[in-house]
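All residue numbers for the sequence shown refer to this note's numbering, where the first residue is 338 and numbers rise by one.
Check before you lean on any hint, since a few could be wrong.
Within a straight-line C-alpha distance of at most 25 Å, the following computed DSS-like cross-link-like pairs (lysine-lysine) qualify [what the hints assert, rightly or not]: (1) K383 to K353; (2) K431 to K369; (3) K431 to K410; (4) K383 to K431; (5) K431 to K442; (6) K410 to K369; (7) K442 to K353; (8) K410 to K353; (9) K410 to K442.
Between beta-carbon pairs, the in silico distance windows are [what the hints assert, rightly or not]: (10) T440 to T350: 27 to 37 Å; (11) S372 to P443: 33 to 43 Å; (12) G387 to S416: 17 to 27 Å; (13) I441 to T382: 33 to 43 Å; (14) D389 to M422: 33 to 43 Å; (15) G390 to S416: 17 to 27 Å; (16) S416 to A444: 31 to 41 Å; (17) R414 to E368: 28 to 38 Å; (18) P386 to M338: 28 to 38 Å; (19) A426 to G390: 25 to 35 Å; (20) A419 to P392: 30 to 40 Å.
Hint data in this document are derived by calculation from the structure and do not stem from the laboratory.
No residue lacks a Cβ here, since even glycine has one placed at the ideal position from N, Cα and C.
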Amino acid sequence: MTLTVTVVFPNDTDAKYDIDYYVENHMTLVEKLWSQYGLQGWSVTKYIPGLDGSPPLYAFGSEVFWENEEGMKEAFRSSSVAEIMADVARFSNKSPIFLIGQTIKPALHM
């Protein structure tokens, strides 16, 4: 069964983010280092205010799609995880929040 790892960054008032760096450098680094473990693709979303105008809980985030759970776990156990996590400081002063889930029905054909 495929897996989705959703990573979000808090929309705190003191948060400082460089979303361009995140898209152009960080996520391409993730793809480069983790494709060998079954990473199938990724997307990035910048969150906007709710329909009532309330600020979003998260500033932005990404979804990373995996072939299976074991490949995802191997990637997170690999030595490359240190390089990926060290890169977070280049675009964020906040820690990411990880949500891991089994894909029940994909919205897109992958």
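Determine which of the earlier numbered hints do not hold for this structure and return their numbers in increasing order. 5, 7, 8, 11, 12, 13, 15, 17
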